[in-house]
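Model the full structure from these sequences, guided by the hints.
By the UniProt record's numbering, the letter at position 73 of the sequence shown is numbered 73, and the numbering carries on one by one without gaps.
If you are wondering where the hints come from, they were derived from the structure by calculation, not from laboratory data.
The C-beta atom is built at its ideal place from N, Cα and C for all residues, glycine as well.
Be careful, since some hints might not be right.
Below are the DSS-like pairs computed for lysine-lysine, each with C-alpha atoms no more than 25 Å apart in a straight line [to be verified]:
| # | residue 1 | residue 2 |
| --- | --- | --- |
| 1 | LYS148 | LYS103 |
| 2 | LYS35 | LYS90 |
| 3 | LYS103 | LYS35 |
What follows is a list of derived Cβ distance ranges for each label pair [unchecked claim]:
| # | residue 1 | residue 2 | range |
| --- | --- | --- | --- |
| 4 | MET152 | GLN2 | 24 to 34 Å |
| 5 | GLN129 | ILE8 | 44 to 54 Å |
| 6 | VAL12 | GLU76 | 45 to 55 Å |
| 7 | GLU54 | ILE4 | 52 to 62 Å |
| 8 | LYS148 | GLU54 | 35 to 45 Å |
| 9 | GLN49 | VAL12 | 48 to 58 Å |
| 10 | GLN111 | GLU144 | 21 to 31 Å |
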Amino acid sequence: MQWIGAVIVLTVTTWAGFDLASRFQKRPGHIRQWKNALQMIEAEMVYGQASLWEVCESLSTHLPKPIDQFFRSIVETDEPCVDFSERWTKLLKKHWSWNALSKSEWEILDQFGRTLGQHDLEQQQKQIQLTLHHLDRELDEALEGAEKYQKMARGMGVLSGLLVILLII
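As structure tokens, then:
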């Protein structure tokens, strides 16, 4: 019976370590998706003269998961929209668990959402460029940390399981 419990503990902690490692691996890709989305927003708004709703609808069909569902939910929400930044923040919170992003990316995207649609096209383009610059910085950090923290998370998962087993036995 102890061996079954030990195997279960080791399996669960190893799985948790590998799950955490996969989040480190996915983070740079999710940052790139958001950068791509911002570049598409810029192109649609500045050069295509599209409205926010048209931009979000276009992004929901052209972007990969999980980010496409965020933009789809902006367009498909039944609630009347009084304040777009409020809707942005609310839906960003709702869909955030699907991302492998950190709190710093949350703050960058939330700040961007508060400025979206609040300025003329020239100022909006500057806001997009500023947000892209911040995401570039976060992408560099994510790429540096991905390899280092992936290996560490996997190892800590296995080793913490072994430690718990040793303490129990």
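Evaluation of the provided hints:
1. LYS148 <-> LYS103: holds, 19 Å
2. LYS35 <-> LYS90: holds, 20 Å
3. LYS103 <-> LYS35: Holds, at about 16 Å.
4. MET152 <-> GLN2: 24 to 34 Å: holds, 29 Å
5. GLN129 <-> ILE8: 44 to 54 Å: Roughly 51 Å apart at Cβ, these two residues keep to the hinted range, so it holds.
6. VAL12 <-> GLU76: 45 to 55 Å: violated, 37 Å
7. GLU54 <-> ILE4: 52 to 62 Å: At roughly 57 Å between Cβ atoms, ILE4 and GLU54 fall inside 52 to 62 Å, so the hint holds.
8. LYS148 <-> GLU54: 35 to 45 Å: holds, 42 Å
9. GLN49 <-> VAL12: 48 to 58 Å: holds, 53 Å
10. GLN111 <-> GLU144: 21 to 31 Å: Given a distance of about 23 Å, which is inside 21 to 31 Å, the answer is holds.
Checked against the numbered hints given earlier, this structure breaks only hint 6.
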